[in-house]
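**Student:** The lines below spell out each chain.
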Amino acid sequence: MKYTNDITQELLEAIERYIKGTMDSKELKDFNDYIKIDPEFKAQVEDIKVLLLGIEKQTLEDKLNEFHEDIINNKKQLQPSLKVQFLNHNKLAIVASIIVATLSIWYFITPKNIKLYDNYFKPDIGINTNIKDANSSDFNDAMEKYKNGNYKIAIDAWQILSERKPKNDTLNYFIGIAHLANKKTKKAIPFLERTVHSNHTFALMDNARYYLGLAYLKEGNSHLAKKYLKLSRIDSAKYIINELN
Amino acid sequence: MVKNIKFKNPTLFLDAFKNNNTNVFKRLYIETYSKTEAIILNKKGSVNLAKKIHQDAFLSVWMDIKNNTLSISNDTDLESYLFETSKAKWMKHISNESVKNTKPTNKKKQTIITKDGCFNIENKKLKNAVKAYRNLKQPCRELLSSIYFDRMPTEELAIKLNTEATVIKHQKYTCIETLYSKLY
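Chain order of the listed sequences is Y and B.
For the first sequence, the numbering used here begins at 1 and goes up steadily by one.
For the second sequence, the numbering used here begins at 1001 and goes up steadily by one.
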């Protein structure tokens, strides 16, 4: 069989819809008919499936390595210092039991909602700031600070802009997330509330509802947490709801 | 610290696998790794080997779920299943090592026999796809992983990258074209 790797953008989009199962019944029937009569087309569809699987597989491998780094870093933090290594066994045992006791106490006294929050909260990655626009340069500068983890500086800069544009969804959204990342949940909630209750359609609305749900979760308000998590179409939201039930 | 929160609903857990939920992956990976490491270190294996075995097991469970080759019932404990997979891979490694130590290696005789040739062709193609993806330029890799692994909608990605959805679609197409040209 002669394989060809020429593919048009339209065909790629169609194959993607086929793989995702989002074709309507007529398109699906035509597509399946075409697969039956054209082996070359069938091979192309299989090729695209393999390519997409390859992308996912390698991305997952990269993620597993990141998780592993986390394990190593956590172990390093828990390792005793050099001084401790020179203590005698009895002292070492005491230090070890204190560490274990502290961690156990922490584990048992930490409410489930905080554990869930810690497990699921990850700040939004931010948005691209390549566009050279004089009006947005202050916003972009703050976004760079945010991306570098300087949440307080980013919040201060965005709040100045927010005073001029209190209804700007993007600003409210990122101020809210920055407060969450800065461990100021109570301050985050009004900004995220403003975002989710804005009248027009905000492109990151699902994310805003998800983060607002997380914020209420951390504050111990399971009712409001569930309300906003249910409204969000972010995948993780349903896992949290499942664990809350 | 490892958080021991149990998954109550295996179907939802499977759904998380199918949708590549990174949070769920991370939790499962971290919660089960220490057990894998313990059995491997106990038999004089190394930490690096424990990492490799655990990651291989994770990827193989992920592939089983993707290919719908894992049967799930309501009482299936996927954490135990992952650990059992790691253990099986470790046992296979030990037995391969003992074969290596007792018999001279004859590579010509080590032909993998499969029911038909398809599996090997598909497997080779997947390896080529992974290799081609690894060699892509970083912006292409990031874009493709956001679209196909994180399942980020084009419109959302366009906002994040301060551009139009049509631009994203075209960039995605160009990246896939490059990838496709390296598949064979």
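Source of the hints: derived by calculation from the structure; they are not laboratory data.
Be a bit skeptical, because a hint or two may be false.
[To be verified] Here's a subset of chain Y near chain B, in silico, CB distances under 7 Å, partners left out:
1. Lys42
2. Ala43
3. Glu56
4. Phe67
5. Thr201
6. Ala203
[To be verified] Output of the computed footprint for chain Y on chain B, the stretches with three or more beta carbons under 8 Å from beta carbons of chain Y:
7. 1029–1041
8. 1082–1088
The C-beta atom is built at its ideal place from N, Cα and C for all residues, glycine as well.
**Student:** All the hints need checking, so say for each whether the structure fits it.
**Tutor:** Evaluated hints:
1. Interface restraint check for Y:Lys42: the shortest CB-CB distance to chain B comes to about 13 Å, outside 7 Å, so the restraint is violated.
2. For Y:Ala43, the interface hint is violated, the least distance from its beta-carbon to any beta-carbon of chain B being 10 Å, above 7 Å.
3. With a cut of 7 Å, the hint placing Y:Glu56 at the interface with chain B holds, because the nearest CB-to-CB distance is about 5 Å.
4. Using the Cβ-Cβ criterion of 7 Å, the hint placing Y:Phe67 at the interface with chain B is satisfied: the shortest such distance is roughly 5 Å.
5. A distance limit of 7 Å between C-beta atoms decides the matter here; for Y:Thr201 the minimum to chain B is near 11 Å, and the interface restraint is violated.
6. Satisfaction of the interface hint for Y:Ala203 is found here, the shortest Cβ-Cβ separation to chain B being roughly 5 Å, below the 7 Å cut-off.
7. Coverage of a stretch by a chain is defined here by at least three residues with a beta carbon nearer than 8 Å to that chain's beta carbons; for the segment 1029–1041 of chain B and chain Y the count is 3, and the condition holds.
8. Here the segment 1082–1088 of chain B counts 0 residues with a CB under 8 Å from a CB of chain Y, which misses the bar of 3, and the coverage is violated.
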